[in-house]
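Undergrad: Chains as they are written, first to last, in the numbering used here: chain E, 6 to 99; chain V, 490 to 703.
Honestly, the hints are just simulated from the structure, not real lab data. As the structure is a computational prediction, the values presented were derived from the model and not from experiment. For every residue, glycine included, the Cβ atom is placed at its ideal position computed from N, Cα and C. Hints may be right or wrong, so weigh each one.
Stated by the list, open to error - Derived DEER-like restraints, expressed as beta-carbon distance ranges: (1) E:48 to V:596: 33 to 39 Å; (2) E:59 to V:496: 36 to 42 Å; (3) V:612 to E:47: 26 to 32 Å; (4) E:59 to V:686: 53 to 59 Å; (5) V:703 to E:59: 40 to 46 Å.
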Amino acid sequence: MTTKETTTAKKVNHPWSADALLAKAQRYAEDMLSHSPEDWQFGLVSTFVLEFPARAALANISPTLLRTRTTRIISTSLSVAPPQPLSSFRVQST
Amino acid sequence: MFLSGLASSGFSLIRGFDPQAASMDAARRLGDVDSVEGLGPVQTLTPQALHEASPNTYSGNFGRSSFPLHTDLAHWARPPRYVALRCIHGAPHVATLVLDGQALVASVGADALRAALVQPRRPMRNGKQLLRLLEPCDLLRWDSLYIHPASKMAASVCERVRVFLTCAQPLEITLLEPGDTLIIDNWRCLHGRSSATEDAGTRRIERVHLKELR
Numbered sequence: 006m007t008t009k010e011t012t013t014a015k016k017v018n019h020p021w022s023a024d025a026l027l028a029k030a031q032r033y034a035e036d037m038l039s040h041s042p043e044d045w046q047f048g049l050v051s052t053f054v055l056e057f058p059a060r061a062a063l064a065n066i067s068p069t070l071l072r073t074r075t076t077r078i079i080s081t082s083l084s085v086a087p088p089q090p091l092s093s094f095r096v097q098s099t
Numbered sequence: 490m491f492l493s494g495l496a497s498s499g500f501s502l503i504r505g506f507d508p509q510a511a512s513m514d515a516a517r518r519l520g521d522v523d524s525v526e527g528l529g530p531v532q533t534l535t536p537q538a539l540h541e542a543s544p545n546t547y548s549g550n551f552g553r554s555s556f557p558l559h560t561d562l563a564h565w566a567r568p569p570r571y572v573a574l575r576c577i578h579g580a581p582h583v584a585t586l587v588l589d590g591q592a593l594v595a596s597v598g599a600d601a602l603r604a605a606l607v608q609p610r611r612p613m614r615n616g617k618q619l620l621r622l623l624e625p626c627d628l629l630r631w632d633s634l635y636i637h638p639a640s641k642m643a644a645s646v647c648e649r650v651r652v653f654l655t656c657a658q659p660l661e662i663t664l665l666e667p668g669d670t671l672i673i674d675n676w677r678c679l680h681g682r683s684s685a686t687e688d689a690g691t692r693r694i695e696r697v698h699l700k701e702l703r
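Next comes chain E alone, as it looks inside the complex (with noise of 0.2 Å):
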């Protein structure tokens, strides 16, 4: 084995850790490998998959990149244009 960084005992990871998110993905891959690939449910699962990598690639700058406008920066990162929210869903200011 590797020499063990030395750390403080630690009860639960903030569940917007880097840790706790991949976990998280790696659970949604076994999820969508129990699916055939041709199962629509596979597709869905596999987007979870790369979207918790994602996150977890922001978290371990800080999780606080996770907090403000996600969605815009997680899709920044994969390189996609971020979904515009439907007018009547809109809030509108006063």
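The hints should help you fit chain V onto chain E, whose structure is shown.
TA: Structure of chain V alone, referenced to chain E:
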């Protein structure tokens, strides 16, 4: 001196280590004491019957029977790195069992253990976090009581671990004289306790968790 033992086998035994000193003072000579949430800095371990012990403890589940091999606080995100067990009052027929986890990793496979996701048996802070049996930092965790598999694949790996541990031959170390101190790398070794008869009720071991050794 004890550091070389820890590096080679994952544990180290120091006989008669400053028996007059309080366990906390002795532990401070060994390394930095870890303050573990919800536990006092020094915990006293004594064999207890099933009905005497709190239900969320090993004694509350196994009584005076042998304790299965486990790592301390395996359901935590980061379990304490080292466990120091120090004899206050020994019992000749009760042994601490120690098994080097490297044998488990070699048998089950590091990749399988890393892929096995487990969860605490009960929610902690309103959630059940996902943990790996072998974390990327080479932290090995195992507890047949406090962690449960989080998927079918993890269930099959946990079963392989159970089968391995059923056949494993742990070392039996008797902490007999005051001051006998066993330091276990809790990220590498599993430990347990042999069964204790009623007359071993006077056995007193004090446990201190350490985050770093000197």
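Undergrad: Each of the hints needs a verdict: does it hold here or not?
TA: Structure-based check of all given hints:
1. A beta carbon spacing of about 37 Å between residue 48 (chain E) and residue 596 (chain V) agrees with the range 33 to 39 Å that was offered as a hint.
2. Against the hinted window of 36 to 42 Å, the Cβ-Cβ separation of residue 59 (chain E) and residue 496 (chain V) comes to about 38 Å, which satisfies the hint.
3. Separation of residue 612 (chain V) from residue 47 (chain E) is about 30 Å and conforms to the stated range, judged on CB atoms against 26 to 32 Å.
4. About 57 Å separates the C-beta atoms of residue 59 (chain E) and residue 686 (chain V), a value consistent with the hinted range of 53 to 59 Å.
5. The supplied range of 40 to 46 Å is met by residue 703 (chain V) and residue 59 (chain E), whose beta-carbon atoms lie about 42 Å from each other.
The structure is consistent with each of the numbered hints, conforming to all of them.
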